[in-house]
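Given the structure of chain A, go ahead and fit chains B, C and D onto it with the hints provided.
Number of protein chains: 4
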Amino acid sequence: MPPAHVLLIDCPDQTGLIHRITGVLSRHALNILKNDEFVDAETRYFFMRTEFEGDIDAAALRTELLAELPKSVNLHLNPRKRKDIVVLATKEHHCLGDLLLRYAYDELDATILAVVSNHNTLQPLVAKFGIPFHYVSHEHRDRPEHEAAIHKALAIYNPEYLVLAKYMRILTPDFIRQYPDRIINIHHSFLPAFIGANPYKQAFERGVKIIGATAHFVNADLDEGPIIDQNVIAVNHRYTAEDMAKAGKDVEKIVLAKALKTVFQDRVFIHGNKTVIF
Amino acid sequence: MPPAHVLLIDCPDQTGLIHRITGVLSRHALNILKNDEFVDAETRYFFMRTEFEGDIDAAALRTELLAELPKSVNLHLNPRKRKDIVVLATKEHHCLGDLLLRYAYDELDATILAVVSNHNTLQPLVAKFGIPFHYVSHEHRDRPEHEAAIHKALAIYNPEYLVLAKYMRILTPDFIRQYPDRIINIHHSFLPAFIGANPYKQAFERGVKIIGATAHFVNADLDEGPIIDQNVIAVNHRYTAEDMAKAGKDVEKIVLAKALKTVFQDRVFIHGNKTVIF
Amino acid sequence: MPPAHVLLIDCPDQTGLIHRITGVLSRHALNILKNDEFVDAETRYFFMRTEFEGDIDAAALRTELLAELPKSVNLHLNPRKRKDIVVLATKEHHCLGDLLLRYAYDELDATILAVVSNHNTLQPLVAKFGIPFHYVSHEHRDRPEHEAAIHKALAIYNPEYLVLAKYMRILTPDFIRQYPDRIINIHHSFLPAFIGANPYKQAFERGVKIIGATAHFVNADLDEGPIIDQNVIAVNHRYTAEDMAKAGKDVEKIVLAKALKTVFQDRVFIHGNKTVIF
Amino acid sequence: MPPAHVLLIDCPDQTGLIHRITGVLSRHALNILKNDEFVDAETRYFFMRTEFEGDIDAAALRTELLAELPKSVNLHLNPRKRKDIVVLATKEHHCLGDLLLRYAYDELDATILAVVSNHNTLQPLVAKFGIPFHYVSHEHRDRPEHEAAIHKALAIYNPEYLVLAKYMRILTPDFIRQYPDRIINIHHSFLPAFIGANPYKQAFERGVKIIGATAHFVNADLDEGPIIDQNVIAVNHRYTAEDMAKAGKDVEKIVLAKALKTVFQDRVFIHGNKTVIF
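Those protein sequences? They're chains A, B, C and D, same order as listed.
Here the first sequence is numbered in the working numbering, starting from -15 and rising by one per residue.
Here the second sequence is numbered in the working numbering, starting from -15 and rising by one per residue.
Here the third sequence is numbered in the working numbering, starting from -15 and rising by one per residue.
Here the fourth sequence is numbered in the working numbering, starting from -15 and rising by one per residue.
Isolated chain A (complex conformation):
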């Protein structure tokens, strides 16, 4: 059973915020089930996420809450529970396949509207799950043309989030700007180690004893966006770069799925280049 209602608030900190916010909920006779707050000690920014139950007059609640809060607040009452997403992929199947399976069994908290790829390799996999597949080749197109073609494919679906499930093309700042805080990528390294191409090869050459994966929001700087989740596994001298890549796939798919879950359950705030996750 999902929480009856979710309230997300972030704003500059003030004395008495929790009391004022919970006061509004209390006046509406709403019962708080879970409450998380955090104040960033550096920026003095306040974050709060509340799950509560009861019958609500959403408009009134929102108005009363805003009256108690600073003007520069971000307030989200009951963001749409089921997100609409489009997945971008290239040739590797492990992250996409994992998401398709979760979606097929309603464990993704999201609807995969379509899959877009610059190769047609994964078309048969996507077809098994009855989801539209758009093959948008990058061949014979320069980057702006290719991204324009992707945009066109995406425009049909109007997704809330783009999920880059091992999409191996670099997106331009222009493209990214059109999906602010709405693109989530899985990077196949423990960022900020091994930024850029071929992280497993880099890891192999550096002789590391642990490799990892990082799910993050995408912003204009490559691999520099707010990190949502990371995990690692141990490797040793017996691993070739290829062995590392193989072993890393399971970490990638689990980290991506876990990150998506927290985002889609409205448990993630973006704060500058960081995330606050409840």
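Not one of these hints is a red herring.
If several chains are the same, the list does not tell them apart, and a pair holds so long as it fits within one copy or across any two.
Calculated cross-link-like contacts (lysine-lysine; reagent style DSS-like; alpha-carbon spacing at most 27 Å): (1) 112 - 136; (2) 18 - 55; (3) 65 - 230; (4) 18 - 233; (5) 245 - 185; (6) 230 - 242; (7) 185 - 18; (8) 136 - 65; (9) 233 - 258; (10) 233 - 185; (11) 258 - 230.
Simulated from the structure, these hints should not be mistaken for laboratory data.
Chains B, C and D alone, transformed into the frame defined by chain A:
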């Protein structure tokens, strides 16, 4: 810089508790720095821990808070920050040594008043740190006599917590009852696997691929008290039972230290046979 | 590129075994790529796994090797690389789905000949991958009858291994005896903690801070067979038993897949109730 | 009981190496207890570590082995089991304290001959363990002068290894060159992430969800030497840079101790910028 004030509350859940509690703090013009709440879905019990800053009239604050809360509440305002503890050990040095080092550099959030042991093996180690050492042998004493002798040694110090840092004697329910929720043990297995004696030997014989350690409060049932923290490490067929015991020592000492830190920082509630940790 | 040849030997230890074995390979001008040995200190049993390259006369090689080894040796030269398996499942899709995806992309080192289930829930999933699905209901059948029906379904395929991918029925010793060392199960706990039914509920009630999964060979004693792999994740007081079960699914599927990989790559020896894994 | 004998060999790979090496051992009627080999697929370099028991004529054994091996071999027969080390530290006590405790209980496989520091902060700690402490201040000295003074302090002891236990001064290539492959450092990050100063501050600012520590040999390039061991812990938005530094201390000390153990037990080969660890 430690938090100015800490407030701990647990009671049966009611609608509006957070609002009422934060209202009292608000009326006193106190600024909340951190706030954690949890409601146990099964028992409908409410737990809250608040760190706040500002000048307080503790008596008034307490009175006003109690007026807003159910009668059966547990309320702790500013529990003593620095706990007084006595450590019980036997022959193994790794947990005790680690605690002594942390204490020597003021990283324990506690004062080690004394060490009590049923062997004198560790006396030289304790002496290095200038802490009283009580050798209370169990030889030629039955269990009640031995425990009476320990009690006598402890009575000098009146410790808030007893820390069993690889104390290898089983304590009787009678003894435990005198320190309710105040005895913390490190068990050298991933409980509830391998309860009782020789867990590494049990782990070796079972052929497990992971071993662990568990820090828990001690209650009358052996190894059954509320778990505070656990951690694990990978092992393989090359490990003898002795190798596992050696490798496990580092896990034991880190898990114990981490558990003590959360308890001594007043971040742990005991709820039946479980802990709620903020 | 898979190793050209694999040699597996286990026998009572003797002085000079490695020299004698590698001598045979040397006389055949074969080049060793990887070599692992282990001698169990308790049982004085010797295990060796060698990957080597070169043209072989398998019959001659085998004869010459046996001439150098104790009579009670187990020797496997080039076990069939691609195993034939049948997967047994019940209603949960996560382990089965993960295996089907890996199989579809040839990452399983095995051929899934069929899926057998006591429910028809997973039939549509299996159908997506074009694999035979046998619905063998346990209703209106006693256990021997049900197992006889499963046997009949399996007989068509003659699988080397049965993989219990969350198959929630207990198999009888009679059934197990027919697949000695050939049934692999994923148990949804960190064995030997929480043997038997409902381990997540048991874990929740015990208030553990870590949960796990265990892949093991199945023998006549429930959940007591040789462990192949285990892994864990952290949980806390916020997790209900249901949350633990959900979070545990990812551990289960990864542990099972990793265990199968080591078995199917002929890297696992069974030694009594333990495994030796190279 | 330590292994009776240890043999370490690395050389360019050839067909039949294991057979020839074990042949020599066999002719001497020596019984192999453990054997590890690895061939680097890129460099075609062969590494072998053997533990064996029996009475040996070391000179004869060495001569016969060398006769079977390529000229460019490195062969070590029974390296001195107990290493002589000097620890360099600055102000932080956690790694040094941990090493002193292990040394006091003979769990370090090494003798700490002395501690050298550029501050006198840790003198009282070292005094507790009765080990010489050399305070070699860097004040009023340029780097070459300071390193010359350290050299002078070290010269008394002629250590096999220098252990940098949170020594916070950068060593010059000239200094490092005098201890080739003999300086081991603990870096307080998951290298190669956060090379250089203040890694926890860097980690905090990047908003990572995992932090780590890396033990490595020191070569002329800062933080670029062969990695011996790494480990990580999870962090979240609640951690300040200072919290990360505190939490990281336990990882640092355990990773350093574990790395030293493998090196001091002669289980580590250095191969270019990587390690091969058996």
